[in-house]
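Trainee: Hey, can you work out the whole structure from these sequences and the hints?
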Amino acid sequence: MKIYKYFVSYYFVSNKKNGMGNIGVDSSKEIKDIDDLEEVKKYIEKNTEKHFGIQADIIILNFQLLNVEEN
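At position 46 of the sequence shown the residue is numbered 46 (this note's numbering), and the sequence of numbers has no breaks.
These are calculated hints, taken from the structure and not from any lab test.
Fair warning: there could be bad hints in the mix.
Simulated crosslink set (DSSO-like; lysine-lysine; CA at most 27 angstroms straight-line) [claimed, not checked]:
| id | residue 1 | residue 2 |
| --- | --- | --- |
| 1 | LYS50 | LYS17 |
| 2 | LYS46 | LYS16 |
| 3 | LYS46 | LYS2 |
| 4 | LYS42 | LYS16 |
| 5 | LYS16 | LYS32 |
| 6 | LYS17 | LYS42 |
| 7 | LYS2 | LYS29 |
| 8 | LYS41 | LYS5 |
| 9 | LYS42 | LYS29 |
| 10 | LYS41 | LYS2 |
| 11 | LYS16 | LYS41 |
| 12 | LYS42 | LYS5 |
| 13 | LYS46 | LYS29 |
| 14 | LYS16 | LYS50 |
| 15 | LYS32 | LYS17 |
| 16 | LYS17 | LYS46 |
| 17 | LYS46 | LYS5 |
| 18 | LYS42 | LYS2 |
| 19 | LYS29 | LYS41 |
| 20 | LYS29 | LYS5 |
| 21 | LYS32 | LYS2 |
| 22 | LYS32 | LYS5 |
Mentor: Shown next as structure tokens:
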């Protein structure tokens, strides 16, 4: 099984604050289309709420595949 490791930068907006961030994302599939990016966006939204207590709308600015690991 392949694990795709991405670096993702994003902008977030909430009623409390806004700003920019970045995150490492491990995925079992390659990002190929907008639907795949939507899954990453939802993951970042959940992560932002869990770690920072902010319910925010996420806008993905950029992503880059760092490497692919075979297990």
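Trainee: Next step is simple, just say for each hint if it's right about the structure.
Mentor: Now for the hints, and whether the structure bears them out:
Annotation: proposed proximity of LYS50 to LYS17 holds, straight-line Cα distance about 16 angstroms (limit 27 angstroms). With a C-alpha separation of about 16 angstroms, the suggested pairing of LYS46 with LYS16 holds against the 27 angstroms cut-off. For a cut-off of 27 angstroms, the pair hint linking LYS46 to LYS2 stands: about 24 angstroms separates their Cα positions. For the hint linking LYS42 to LYS16, the alpha-carbon distance of about 19 angstroms falls within 27 angstroms, and the restraint holds.
A C-alpha spacing of about 33 angstroms is found between LYS16 and LYS32, which places the hinted pair above 27 angstroms, so the restraint is violated. For the hint pairing LYS17 with LYS42, the CA-to-CA distance comes to about 19 angstroms; that is within 27 angstroms, so the pair holds. A threshold of 27 angstroms between alpha carbons decides the hint, and for LYS2 with LYS29 the separation of about 7 angstroms falls inside it, so the pair holds. For the proposed pair LYS41 and LYS5, the alpha carbon gap of about 15 angstroms is at most 27 angstroms, so the pair holds.
At most 27 angstroms may separate the alpha-carbon atoms for a hinted pair to count; LYS42 and LYS29 meet this at roughly 15 angstroms. For the hint linking LYS41 to LYS2, the alpha-carbon distance of about 21 angstroms falls within 27 angstroms, and the restraint holds. Distance restraint check for LYS16 and LYS41: the Cα-Cα separation of roughly 19 angstroms lies within the 27 angstroms cut-off, and the hinted pair is therefore satisfied. Under the criterion of a C-alpha separation no larger than 27 angstroms, the hint pairing LYS42 with LYS5 is consistent with the structure, at around 17 angstroms.
Straight-line distance between C-alpha atoms of LYS46 and LYS29 comes to about 19 angstroms, which keeps the hinted pair within the 27 angstroms bound. For the proposed pair LYS16 and LYS50, the alpha carbon gap of about 15 angstroms is at most 27 angstroms, so the pair holds. As the CA atoms of LYS32 and LYS17 are separated by approximately 31 angstroms, the hinted pair breaks the 27 angstroms bound. Our distance criterion of 27 angstroms between C-alpha atoms is met by LYS17 and LYS46, whose separation comes to about 16 angstroms.
With a CA separation close to 18 angstroms, the supplied pair LYS46 and LYS5 stays within the 27 angstroms bound. Taking the CA atoms of LYS42 and LYS2, the gap is near 21 angstroms; set against the 27 angstroms cutoff, the hint holds. The straight-line distance between the Cα atoms of LYS29 and LYS41 is roughly 15 angstroms, inside the 27 angstroms bound, and the hint therefore holds. For the hint linking LYS29 to LYS5, the alpha-carbon distance of about 10 angstroms falls within 27 angstroms, and the restraint holds.
Between LYS32 and LYS2, the direct Cα distance comes to roughly 15 angstroms. Compliance with the 27 angstroms bound is thereby established for this hinted pair. Between LYS32 and LYS5, the direct Cα distance comes to roughly 14 angstroms. Compliance with the 27 angstroms bound is thereby established for this hinted pair.
Of the numbered hints stated above, those contradicted by the structure are hints 5, 15, listed in ascending order.
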